[in-house]
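*Asks:* If you want the building blocks of each chain, they are given just below.
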Amino acid sequence: TQLLEQSPQFLSIQEGENLTVYCNSSSVFSSLQWYRQEPGEGPVLLVTVVTGGEVKKLKRLTFQFGDARKDSSLHITAAQPGDTGLYLCAGAPGGNFNKFYFGSGTKLNVKP
Amino acid sequence: ETGVTQTPRHLVMGMTNKKSLKCEQHLGHNAMYWYKQSAKKPLELMFVYSLEERVENNSVPSRFSPECPNSSHLFLHLHTLQPEDSALYLCASSQIRGGNQPQHFGDGTRLSIL
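Here the protein sequences line up with chains H and A, keeping their order.
Number 45 in my numbering belongs to position 45 of the first sequence; there are no gaps in the numbering.
Number 25 in my numbering belongs to position 25 of the second sequence; there are no gaps in the numbering.
These aren't lab readings, by the way, just hints derived from the structure by calculation.
Please read all numbers here as calculations on a predicted model, not as lab measurements.
Ideal Cβ positions, reconstructed from N, Cα and C, are used throughout, including at glycine.
Treat each hint with caution, since some may be false.
What the hints assert, rightly or not - Below, a sample of chain A positions facing chain H; criterion: calculated Cβ distance under 7 Å:
hint, residue
1, 90
2, 102
3, 108
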């Protein structure tokens with residue numbers, strides 16, 4: 001059973017375009033994280049959101065946690081080739097240790 | 001440099017071989033994790049160690065055997081693997097402090113089973 005569904009699975013866009021990636025679940029999470037993974041490397045944390053309705057900005061990236069803490073979105077403005085990579089969301093049900101469930105990822109390709 | 005180092009980066013082994021994957025973290029964290037990443041599947045959590053004690057074993061076959069001798073080192077011992085075990089194996093570490101702490105990943109070991 002996959003707890004987190006990411007969409008789209010693949011996205012190929014031109015430099016300068018905007019895009020949104022979605023991460024949805026029927027489960028409630030105490031926090032949700034977004035990672036980016038480049039070929040040959042491990043995932044690197046971009047942001048953690050913990051409060052329902054929370055919006056965080058990281059330069060051209062905007063992250064939102066749903067009010068019910070079941071879903072999240074990542075919006076990239078004016079995408080650049082350097083944004084190319086696999087974007088992963090990961091939700092934590094809560095507890096004393098970090099047990100995260102990962103989505104299957106969105107593979108983004110930004111063409112110059 | 002992520003602070004989490006995995007060796008080897010690539011490993012090719014036969015189904016009857018025994019090998020070990022190594023992970024070392026230099027971040028002072030007290031929890032370590034093994035994940036399996038296969039094509040077209042989400043990252044699968046395999047094992048979690050918190051304060052050197054195994055707290056999670058996600059129904060992983062016994063041909064995978066983890067070891068955590070101290071808070072900085074984590075091993076995954078492999079024995080009699082199957083072709084479907086070919087994948088990228090990622091190690092991560094984090095601090096245990098009320099949960100929700102970011103995980104820091106190594107760059108993984110790409111494992112191929114012949």
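*Asks:* Looking back at the numbered hints, which does the structure fail to meet, lowest number first?
*Replies:* Nothing - there is no hint that the structure violates, so all of them hold.
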